[in-house]
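Protein chains: 2
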Amino acid sequence: MKINLQEDVLKDHNLAAKFNRGLFNDHNTLVINLMSSPGAGKTTLLEETIKAMTNEFRIAVIEGDLATDRDAERLRALGIKTVQINTVGGCHLDARMIAKTIPEFDLDHVDILFIENIGNLVCPSGYDLGQNFKVVVLSVPEGNDKIPKYPVMFRRTDLTIINKTDLLPFVSFDLDEAKTDLEAINPNAELKALSAKTGEGMEEWINWIKDAYHQCIKH
Amino acid sequence: MKINLQEDVLKDHNLAAKFNRGLFNDHNTLVINLMSSPGAGKTTLLEETIKAMTNEFRIAVIEGDLATDRDAERLRALGIKTVQINTVGGCHLDARMIAKTIPEFDLDHVDILFIENIGNLVCPSGYDLGQNFKVVVLSVPEGNDKIPKYPVMFRRTDLTIINKTDLLPFVSFDLDEAKTDLEAINPNAELKALSAKTGEGMEEWINWIKDAYHQCIKH
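Same order as they appear, the protein sequences are chains Y and Z.
According to the numbering used here, the first sequence is numbered sequentially starting from 1.
According to the numbering used here, the second sequence is numbered sequentially starting from 1001.
Keep in mind the hints are simulated off the structure, nothing from the lab.
Any given hint might turn out to be false.
[Said to hold, decoys possible] Pulled a few chain Y residues facing chain Z out of the computed Cβ check, cut under 10 Å:
hint : residue
1    : Ala52
2    : Arg70
3    : Met97
4    : Ala99
5    : Gly119
A virtual CB, placed ideally from N, CA and C, is assigned to each residue, including glycine.
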């Protein structure tokens, strides 16, 4: 008997993702899976997003890291319920890890749950966590060539955020080329450029989340 | 019968790494495995390193990417023999991939072989390619907190390069903290800060490679 190990493992992941999705839907919780390279600015983006939305929405966060709970501490400092997952070397979160954290949240009182994935532009792209939307953050100093060089990630995401636009004067990054390359890989993907640090472009991102919330969540 | 699949796979990888190492040693080729997050500047560092060393050393490159041969083209433009490996989604190079490229080189005429790994701060760290040295590049805009957050990578490398020091005035990066964190994780690791773009600190890195060459290669 030949066992297709990969298929079996993925089936289990998909069951867990389905389970998560059902729970999130039942509780009217919008879930956004945030992915990027290390240091693209996911945590700073979350900090500024939370500051801008916390008066209107009840927000919670699942923080994925190989080690440390530094990012979780940054978000807890804003009064946000944050659960840390340490993968101890694992290069992505999976739906079973997410399922284990759900009992720690009171989902009836969470409107938006952000999942900050491991900093990795490869591995997280293949794993459905049960989210409503996948968002990838690409930062200006990484260079716009990362879109064609890491196509699997950009092909599978709903929104690409170009972060750290404040660094555009100091590095080589072609925003038009990024748009063209993204359209070629994923014609349905949206692209937004912003700087979480200076606030430039943040309003459009916040509005995108609000639209996503009102489209997905039944009241 | 229970088969420990992971152990078996790793055994095979280790055999391939041993095979590569033997070949490289026999041909007096110094091999450096260069790793980093996407966009930390490995290819630009290689371009500038090659320009500085090509009069004295015969250099060749193995380029790892998920897709495209853009980086290989950049190095071929310098007249350097470069073999591209596309992993088609795979998040790291392994010793068997390297072994398959070796026939494409005339190792008797290669003094230094650089292997540019997939842009990923997690997966490549666990795979011995048969190199003499592992070097990780961390770029200033990623933030110095990446050292404790991705300890497996920094624990297993011989040299950490902090690249893009020209961006230090524009982002938050604490070089002293980086040194302290690296020492705590890997007391034997060296750290060098440089900017491949401006040339600041490049001489020390070039001298490090020359020392490595003269220490490792028998004449």
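Hints and how they fare:
{"no.": "1", "hint": "Ala52", "in the structure": "21 Å, violated"}
{"no.": "2", "hint": "Arg70", "in the structure": "6 Å, holds"}
{"no.": "3", "hint": "Met97", "in the structure": "15 Å, violated"}
{"no.": "4", "hint": "Ala99", "in the structure": "22 Å, violated"}
{"no.": "5", "hint": "Gly119", "in the structure": "7 Å, holds"}
Hint violations for this structure: numbers 1, 3 and 4, all remaining hints satisfied.
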